[in-house]
Amino acid sequence: MKIQESAEMYLETILVLQNQGPVRAVDIAKNLGFSRPSVSVAVHALEAEHYISIKPDGTIQLEEKGRQIAEQIYERHTVLSNLLEFIGVDKETADSDACKIEHSISDKSFQCLKDFFLKISK
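Per the numbering used here, residue 387 is the first one in the sequence shown, and the count goes up by one each step.
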């Protein structure tokens, strides 16, 4: 299932932030540098599509389909960033470029890059 790049970005951010503790909209806003009202609109849209749930205390949880997308995007980011660093790109640029590429690369191309990187990085 393909969703908008912005939704992928929100889901990935929630996944990463959950590793640090409970996630609230304000945490997402701080992490992404977005306004709280913008994040609130996006979070409620994700909730309406059952990608996330918002608990009564305001904490945000990934639902199964949201978690699957978040994990896929995070894997893409990690592999692409590591590959770019491996070929000599500085960490900051590699991270920034991986963010751009991860949302638009095809599954087939990503899998080929991942397989290639696994072979050459051993």
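Hints were generated in silico from the structure; no laboratory data involved. Worth double-checking, as some hints may not be accurate.
Taking lysine-lysine and the DSSO-like style, the derived pairs with C-alpha atoms no more than 27 angstroms apart in a straight line are [unchecked claim]:
#1 Lys416 / Lys477
#2 Lys451 / Lys505
#3 Lys451 / Lys416
#4 Lys505 / Lys494
Tested hints:
1. Annotation: proposed proximity of lysine 416 to lysine 477 holds, straight-line Cα distance about 22 angstroms (limit 27 angstroms).
2. As the CA atoms of lysine 451 and lysine 505 are separated by approximately 31 angstroms, the hinted pair breaks the 27 angstroms bound.
3. Taking the CA atoms of lysine 451 and lysine 416, the gap is about 24 angstroms. The hint holds against a cut of 27 angstroms.
4. For the hint pairing lysine 505 with lysine 494, the CA-to-CA distance comes to about 17 angstroms; that is within 27 angstroms, so the pair holds.
Figure legend: structure checked against the earlier numbered hints; the only hint not met is number 2.
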